[in-house]
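Protein chains: 2
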Amino acid sequence: MTLDHIQIKPLTAVDFSAFGDVLEAAGIPDRLINHGMGGRFHDRALLDFGPDGRAGISIFDAEPRDLPYHLNILERHPEGSQAFIPMHSNEWLVIVAEAGDTPGPVHAFRVPPGVGVNFHKGTWHGVLTPLHVPGLFAVIDRIGQTSNLQECRLPVPLVITE
Amino acid sequence: MTLDHIQIKPLTAVDFSAFGDVLEAAGIPDRLINHGMGGRFHDRALLDFGPDGRAGISIFDAEPRDLPYHLNILERHPEGSQAFIPMHSNEWLVIVAEAGDTPGPVHAFRVPPGVGVNFHKGTWHGVLTPLHVPGLFAVIDRIGQTSNLQECRLPVPLVITE
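In the order they appear, the protein sequences are chains W and P. Position 125 (the first sequence) corresponds to 125 in my numbering; numbering is contiguous. Position 130 (the second sequence) corresponds to 130 in my numbering; numbering is contiguous.
Derived from the structure by calculation, the hints contain no laboratory data. Take these hints with a grain of salt, some might be off.
A pair counts as met if it fits within one copy or between any two copies, since identical chains are not told apart.
Said to hold, decoys possible - Straight-line Cα separation of at most 25 angstroms, SDA-like style, residue types lysine to any residue; simulated pairs:
no. : residue 1 : residue 2
1   : LYS9      : ILE143
2   : LYS9      : PRO51
3   : LYS121    : ILE33
4   : LYS121    : HIS107
5   : LYS121    : LEU3
6   : LYS121    : GLY53
7   : LYS121    : HIS35
8   : LYS121    : ASP43
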């Protein structure tokens, strides 16, 4: 059986806009802070934790993955956005799929060092895929009483390649 | 004039508990995620954005500082908590002061690589003080219509030393 391949693309805010926000210090800061010693790139994520949820900060520690990567499963959080902030200076991999009751076409993005992403509420995405040790991320997502998780196992794996 | 010196201490969750939360992947994760390929240290920050605020994610890019560091000013945010997540693998410096209408005794903590902090609402703290390039941090704080900022200039600088 020949598996379909998805080639990893560089992350751009435009390409990612259908899925979420790119969190980076790009361009001119919105405000100078700390008496000119810093810049604030202000309020860069569309956060949504629903009527019954609230924001929380958790830490994820994930195993790095090798390329090519076999994608078997996608998930989404129907009740809230989910942001991933790398707590390291390594590039990492983000996999998303276009919207639908089941995942649409899959896209893989290489995230440069020092850049995070925020998945908008309901975006289909792969599990956290660091490419290097440490696989440490801060995660800003919905804290609530429900599981807020839908998973979709792919009938045939996709191969994510450079 | 002889300036008072404050010696930097290692950060511990116990020592920091009067000021905020230490955000780190320490100990056993609360949940296994990603089919066993990761751990979730769940909901580790006491977030409070007040009745009129909401959570936001901003990116700060700050100039690194040298030690000894002369502390001239402290600030606090009376309407909300503020979390700092390093987007790099370097240690950094956190300066806080004990509670009061004006800042009480000052404490300086060396934050190890891969660790963030969340200042509880109203905690007196120094401005963001990375010790190395890049000075990139994700900041989860209150988005609202007010300035949410009080500053207190010290009559005499304090010297923060190793």
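Checklist entry - Which hint numbers does the structure go against, in order from smallest to largest? => result 1, 2 and 5
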